[in-house]
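Based on the hints, put chain B in the right spot on chain A.
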Amino acid sequence: MELQYWIWIAVGLSFTLYIAIAIISRASSTGEFYIAGKGVPPIANGMATAADWMSAASFISMAGIISFNGYDGSVYLMGWTGGYVLLALLLAPYLRKFGKFTVPDFIGDRYYSNVARGVAVFCALIVSFTYIAGQMRGVGVVFSRYLEVDITTGVLIGMLIVLFYAVLGGMKGITYTQVAQYCVLIFAFMLPAIFISLMVTGNAIPQIGFGSSGSDGVYLLDKLDGLHRELGFHEYTSGKKSTLDVFLITAALMVGTAGLPHVIVRFFTVKKVSDARKSAGWALLFIAILYTTAPAVAVFSRTNLIETVSNKAYASLPEWFNKWEATGLITYEDKNQDGMVQYLADPKINELKVDADIMVLANPEIADLPNWVIAIMAAGALAAALSTAAGLLLVISSSVSHDLIKKMIKPDVSEKGELIAARLSAVGAVMLAAYFGINPPGFVAATVALAFGLAAASFFPAIVMGIFSKRMNKEGAVAGMVVGILLMLFYMTKFKFGWFGGGTEKDWWFGISPEGFGSFAMMVNFIVSITISNFTPEPDTEIQKLVENIRNPDED
Amino acid sequence: MKNKNTYWKTNLKYLVILLSIWFSVSFGFGILMVDQLNQIQMAGFKLGFWFAQQGAIYLFVILIFVYIYLMNRLDQKFKNKV
Numbered sequence: 001m002e003l004q005y006w007i008w009i010a011v012g013l014s015f016t017l018y019i020a021i022a023i024i025s026r027a028s029s030t031g032e033f034y035i036a037g038k039g040v041p042p043i044a045n046g047m048a049t050a051a052d053w054m055s056a057a058s059f060i061s062m063a064g065i066i067s068f069n070g071y072d073g074s075v076y077l078m079g080w081t082g083g084y085v086l087l088a089l090l091l092a093p094y095l096r097k098f099g100k101f102t103v104p105d106f107i108g109d110r111y112y113s114n115v116a117r118g119v120a121v122f123c124a125l126i127v128s129f130t131y132i133a134g135q136m137r138g139v140g141v142v143f144s145r146y147l148e149v150d151i152t153t154g155v156l157i158g159m160l161i162v163l164f165y166a167v168l169g170g171m172k173g174i175t176y177t178q179v180a181q182y183c184v185l186i187f188a189f190m191l192p193a194i195f196i197s198l199m200v201t202g203n204a205i206p207q208i209g210f211g212s213s214g215s216d217g218v219y220l221l222d223k224l225d226g227l228h229r230e231l232g233f234h235e236y237t238s239g240k241k242s243t244l245d246v247f248l249i250t251a252a253l254m255v256g257t258a259g260l261p262h263v264i265v266r267f268f269t270v271k272k273v274s275d276a277r278k279s280a281g282w283a284l285l286f287i288a289i290l291y292t293t294a295p296a297v298a299v300f301s302r303t304n305l306i307e308t309v310s311n312k313a314y315a316s317l318p319e320w321f322n323k324w325e326a327t328g329l330i331t332y333e334d335k336n337q338d339g340m341v342q343y344l345a346d347p348k349i350n351e352l353k354v355d356a357d358i359m360v361l362a363n364p365e366i367a368d369l370p371n372w373v374i375a376i377m378a379a380g381a382l383a384a385a386l387s388t389a390a391g392l393l394l395v396i397s398s399s400v401s402h403d404l405i406k407k408m409i410k411p412d413v414s415e416k417g418e419l420i421a422a423r424l425s426a427v428g429a430v431m432l433a434a435y436f437g438i439n440p441p442g443f444v445a446a447t448v449a450l451a452f453g454l455a456a457a458s459f460f461p462a463i464v465m466g467i468f469s470k471r472m473n474k475e476g477a478v479a480g481m482v483v484g485i486l487l488m489l490f491y492m493t494k495f496k497f498g499w500f501g502g503g504t505e506k507d508w509w510f511g512i513s514p515e516g517f518g519s520f521a522m523m524v525n526f527i528v529s530i531t532i533s534n535f536t537p538e539p540d541t542e543i544q545k546l547v548e549n550i551r552n553p554d555e556d
Numbered sequence: 001m002k003n004k005n006t007y008w009k010t011n012l013k014y015l016v017i018l019l020s021i022w023f024s025v026s027f028g029f030g031i032l033m034v035d036q037l038n039q040i041q042m043a044g045f046k047l048g049f050w051f052a053q054q055g056a057i058y059l060f061v062i063l064i065f066v067y068i069y070l071m072n073r074l075d076q077k078f079k080n081k082v
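Read top to bottom, the protein sequences are chains A and B.
With our numbering applied, the first sequence covers 1 to 556.
With our numbering applied, the second sequence covers 1 to 82.
Just chain A, with the same shape it has in the complex (with noise of 0.2 Å):
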């Protein structure tokens, strides 16, 4: 059969799927529409939280990225799932326990103030929209590779799929197509990395399988290790990047992933605090499932990719390569006129140029699988772009109309008012993300990476000093989280956008680049808060009672 048929028949089937699942579970309550009622199993909510946590990113450029960077890409690995030990660990279940609805909330009663509330409410809101113009328009990219639509109609129509579940359904409609949509994209990645895993080493693993050999009997990294070398790559499994550098931008991814409130506020919706720690447990054993395979399909891709092009005749080049061509993120200059492709590390003598992001989208056209399985791919790719958007909204929605509106505008507004509130904040969310998606500004790129150095520099410290301090005061948490954010706005902007004189590598203070500054601010973030606080009056008993009472699991 046509792709083109397949493919409209697996995105319309799962369409319909979570269509389907908004309609049934949609909310009727505050409570429903913020944290689903509460009433949420662990791996259901684990699934869920995988899903709103793999975003675009993490489905179609991760694996890209790594195979372009070979070892530096670590970062992205140990980052992005080493924060749910410290999610686990050091928040999840003190969070539940306090059992309202947002961060901002927390932030707000924890410091007793309505300056850390608004502070809260305005570092959730940078963090959830840079976050989720990148969605939208991944979303919009898939549309157009698979469906052969212009990237508008594409962003249109996820938008309206996005807000017709999110607004109706809330967080308990999202919850359940969170899971459906864990399993589509899940499927759909380990699918073709098993495919070619076999095909590349005979071992279905692809785990075990890039520790293995070829038919030639050569490591497979090895072999990619040579083949990097003889091109004038830096070596593949060693990298180029600082230690410092690597440590700082691990840390900061990591303490990011633990700080941002779309992430956090899944453990809001379970039962009971021993459901919090166990839903942590399920949502990283099924993110790591995509994780470890992901650095195996950047070898494969690789090496795949070097030996079917690098000298070879461009006309002798398979079906694939012009097809991706055509699209721009494939691009090739004979600039020696010799009608051979030279791939070299050389920006002066390399003739091609590839995107990363078509690494995974183009490997089941490159592994020559059946057409159904390239279908498949394209709907996994959408259920992570869709997933993680619905719950960057609901973030937004709530951030609106709980914690702005409810609780600092207007105290006596009723539930049904603050639930219609809550539902006409996501569809402006919606609106503004998808503008974004069309429309996309330069800086939307670059900062949803940073988007996690803005999470470290502010929230982190405040809610864990909130649990584990009872000494910490308002005036501490509320210092410390500006000069956290502004610190890390501050040089973001000083040398990503040129801002306040720029910068270039060479300028980089102690040689942390933006990426890993947010470790940096986020210590200053501590300091800055134990030292005001020491010089203030400490909490009243009541927020001392406050803290004691999240700490025992027991529920009153």
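Be aware that one or more of the hints could be misleading.
A few chain B residues facing chain A, derived, Cβ under 7 Å [as the list claims (entries may be wrong)]:
| # | residue |
| --- | --- |
| 1 | 8 |
| 2 | 30 |
| 3 | 45 |
| 4 | 64 |
| 5 | 67 |
Here are a few chain B residues that sit away from chain A, every Cβ distance over 10 Å (derived from the structure) [as the list claims (entries may be wrong)]:
| # | residue |
| --- | --- |
| 6 | 6 |
| 7 | 13 |
| 8 | 24 |
| 9 | 36 |
| 10 | 40 |
Pairs of lysine-lysine residues, derived as BS3-like cross-links and limited to a Cα-Cα distance of at most 25 Å, are as follows [claimed, not checked]:
| # | chain 1 | residue 1 | chain 2 | residue 2 |
| --- | --- | --- | --- | --- |
| 11 | A | 100 | A | 272 |
| 12 | A | 271 | A | 38 |
| 13 | B | 79 | A | 100 |
| 14 | A | 223 | A | 241 |
| 15 | A | 38 | A | 545 |
| 16 | A | 97 | B | 13 |
| 17 | B | 79 | A | 545 |
| 18 | A | 271 | B | 77 |
| 19 | A | 470 | B | 79 |
| 20 | A | 353 | A | 223 |
| 21 | A | 271 | A | 97 |
| 22 | A | 545 | B | 4 |
| 23 | A | 97 | B | 77 |
No lab work stands behind these hints, which were simulated from the structure alone.
Even glycine gets a Cβ: it sits at the ideal position worked out from N, Cα and C.
For chain B alone, kept in the frame of chain A given last:
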């Protein structure tokens, strides 16, 4: 009061132990000591590289499930006494 303190102190003890393992495997083996460990070959993997791209992630999963087990046991022990 005394029970409450013991419960919290035991929890903190677990946290310190588990987070030390978390730190030494990811940041230690995977980043700081990666060059030394890369001298050791395990099947087709250099060991440091393997920890950075595989081993650390497996360990993260194990650590969370160990914590779940330890805390469930602790919760049982202190049930209704905290």
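Comparing the hints with the structure gives:
1. 8: 6 Å, holds
2. 30: The hint holds - residue 30 of chain B has a Cβ within 7 Å of chain A, the shortest such distance being about 6 Å.
3. 45: 4 Å, holds
4. 64: 4 Å, holds
5. 67: Residue 67 of chain B check passes; min Cβ-Cβ to chain A is 6 Å, inside 7 Å.
6. 6: 12 Å, holds
7. 13: 12 Å, holds
8. 24: 12 Å, holds
9. 36: At roughly 12 Å from the nearest Cβ of chain A, residue 36 of chain B sits farther out than 10 Å, so the non-interface label holds.
10. 40: 13 Å, holds
11. A:100 / A:272: Roughly 13 Å separates the two Cα atoms, so the pair holds.
12. A:271 / A:38: Holds, because 5 Å separates the two Cα atoms, which is no more than 25 Å.
13. B:79 / A:100: 24 Å, holds
14. A:223 / A:241: Given pair residue 223 of chain A, residue 241 of chain A holds - Cα atoms ~22 Å apart, limit 25 Å.
15. A:38 / A:545: 24 Å, holds
16. A:97 / B:13: 20 Å, holds
17. B:79 / A:545: 20 Å, holds
18. A:271 / B:77: 21 Å, holds
19. A:470 / B:79: Since the Cα atoms of residue 470 of chain A and residue 79 of chain B sit roughly 24 Å apart, the hinted pair holds (cutoff 25 Å).
20. A:353 / A:223: Holds, because 22 Å separates the two Cα atoms, which is no more than 25 Å.
21. A:271 / A:97: Judged against 25 Å, a Cα distance of about 10 Å means the pair holds.
22. A:545 / B:4: 13 Å, holds
23. A:97 / B:77: Given that 25 Å is the threshold and the Cα spacing comes to 19 Å, the pair holds.
Taken one by one, the earlier hints all hold for this structure without exception.
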